[in-house]
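S.K.: Sequence:
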Amino acid sequence: TPGAHFVGVQPSDIVEYELSTDKLTDKDVSALRSELSDPRFENDYWKEQINLQLNINKKAEQQAFAGKGLDFVTDTYLPDRLSELGVI
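Numbering (this note's numbering), first residue to last: 1 to 88.
Be aware that one or more of the hints could be misleading.
[What the hints assert, rightly or not] In silico SDA-like links for lysine to any residue, alpha-carbon gap of 25 Å or less:
| no. | residue 1 | residue 2 |
| --- | --- | --- |
| 1 | Lys-47 | Glu-16 |
| 2 | Lys-58 | Phe-41 |
| 3 | Lys-23 | Gly-69 |
| 4 | Lys-68 | Asn-57 |
| 5 | Lys-47 | Arg-33 |
| 6 | Lys-27 | Ile-56 |
| 7 | Lys-47 | Gly-67 |
| 8 | Lys-23 | Gln-63 |
| 9 | Lys-58 | Val-87 |
| 10 | Lys-23 | Ser-12 |
| 11 | Lys-68 | Arg-33 |
| 12 | Lys-23 | Asn-51 |
| 13 | Lys-59 | Glu-42 |
| 14 | Lys-27 | Leu-85 |
| 15 | Lys-47 | Gly-69 |
| 16 | Lys-27 | Gln-10 |
| 17 | Lys-23 | Ala-4 |
[Said to hold, decoys possible] Computed Cβ-Cβ distance ranges for the label pairs, DEER-style:
| no. | residue 1 | residue 2 | range |
| --- | --- | --- | --- |
| 18 | Asp-38 | Ser-12 | 18 to 24 Å |
| 19 | Gly-69 | Val-15 | 27 to 33 Å |
| 20 | Ser-37 | Gly-8 | 29 to 35 Å |
| 21 | Asn-43 | Ala-66 | 18 to 24 Å |
| 22 | Gly-8 | Leu-70 | 29 to 35 Å |
| 23 | Val-15 | Asp-38 | 20 to 26 Å |
| 24 | Thr-74 | Val-15 | 31 to 37 Å |
| 25 | Thr-25 | Leu-70 | 26 to 32 Å |
| 26 | Phe-6 | Asn-55 | 25 to 31 Å |
| 27 | Glu-42 | Val-15 | 32 to 38 Å |
| 28 | Asp-75 | Phe-6 | 28 to 34 Å |
| 29 | Leu-82 | Glu-42 | 21 to 27 Å |
| 30 | Gly-67 | Ala-4 | 15 to 21 Å |
No wet-lab data here; the hints were simulated from the structure.
Quick caveat, the model's predicted, so the values are computed rather than measured.
The beta-carbon is built from N, C-alpha and C at its ideal position, and this holds for glycine as well.
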């Protein structure tokens, strides 16, 4: 859907929220490099996020927010993301 917005964990969240991470595997790095030439990711937002992830050499899952407390996602993360996207 062209109007859809990605709300999941993005590489900039790893930095901004100091999330728990795992190191990228060789397979992860290969996949990210492939995404850089994928037409679905041909915009500044995705290129910036992919390059940031390659530079920090880290990945995180949504469970990484668990270390921030039970209400962090609903009270902080989602309102911040939805506001950033202009949804609220």
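S.K.: Now tell me, hint by hint, if it's right for this structure.
M.R.: Here is how each hint holds up against the structure:
| no. | hint | result |
| --- | --- | --- |
| 1 | Lys-47 - Glu-16 | holds (18 Å) |
| 2 | Lys-58 - Phe-41 | holds (19 Å) |
| 3 | Lys-23 - Gly-69 | holds (23 Å) |
| 4 | Lys-68 - Asn-57 | holds (22 Å) |
| 5 | Lys-47 - Arg-33 | holds (10 Å) |
| 6 | Lys-27 - Ile-56 | holds (16 Å) |
| 7 | Lys-47 - Gly-67 | violated (28 Å) |
| 8 | Lys-23 - Gln-63 | holds (15 Å) |
| 9 | Lys-58 - Val-87 | violated (28 Å) |
| 10 | Lys-23 - Ser-12 | holds (15 Å) |
| 11 | Lys-68 - Arg-33 | violated (30 Å) |
| 12 | Lys-23 - Asn-51 | holds (15 Å) |
| 13 | Lys-59 - Glu-42 | holds (21 Å) |
| 14 | Lys-27 - Leu-85 | violated (30 Å) |
| 15 | Lys-47 - Gly-69 | violated (31 Å) |
| 16 | Lys-27 - Gln-10 | holds (18 Å) |
| 17 | Lys-23 - Ala-4 | violated (29 Å) |
| 18 | Asp-38 - Ser-12: 18 to 24 Å | holds (19 Å) |
| 19 | Gly-69 - Val-15: 27 to 33 Å | violated (19 Å) |
| 20 | Ser-37 - Gly-8: 29 to 35 Å | violated (22 Å) |
| 21 | Asn-43 - Ala-66: 18 to 24 Å | violated (31 Å) |
| 22 | Gly-8 - Leu-70: 29 to 35 Å | violated (19 Å) |
| 23 | Val-15 - Asp-38: 20 to 26 Å | holds (23 Å) |
| 24 | Thr-74 - Val-15: 31 to 37 Å | violated (22 Å) |
| 25 | Thr-25 - Leu-70: 26 to 32 Å | holds (30 Å) |
| 26 | Phe-6 - Asn-55: 25 to 31 Å | violated (19 Å) |
| 27 | Glu-42 - Val-15: 32 to 38 Å | violated (23 Å) |
| 28 | Asp-75 - Phe-6: 28 to 34 Å | violated (21 Å) |
| 29 | Leu-82 - Glu-42: 21 to 27 Å | holds (25 Å) |
| 30 | Gly-67 - Ala-4: 15 to 21 Å | violated (28 Å) |
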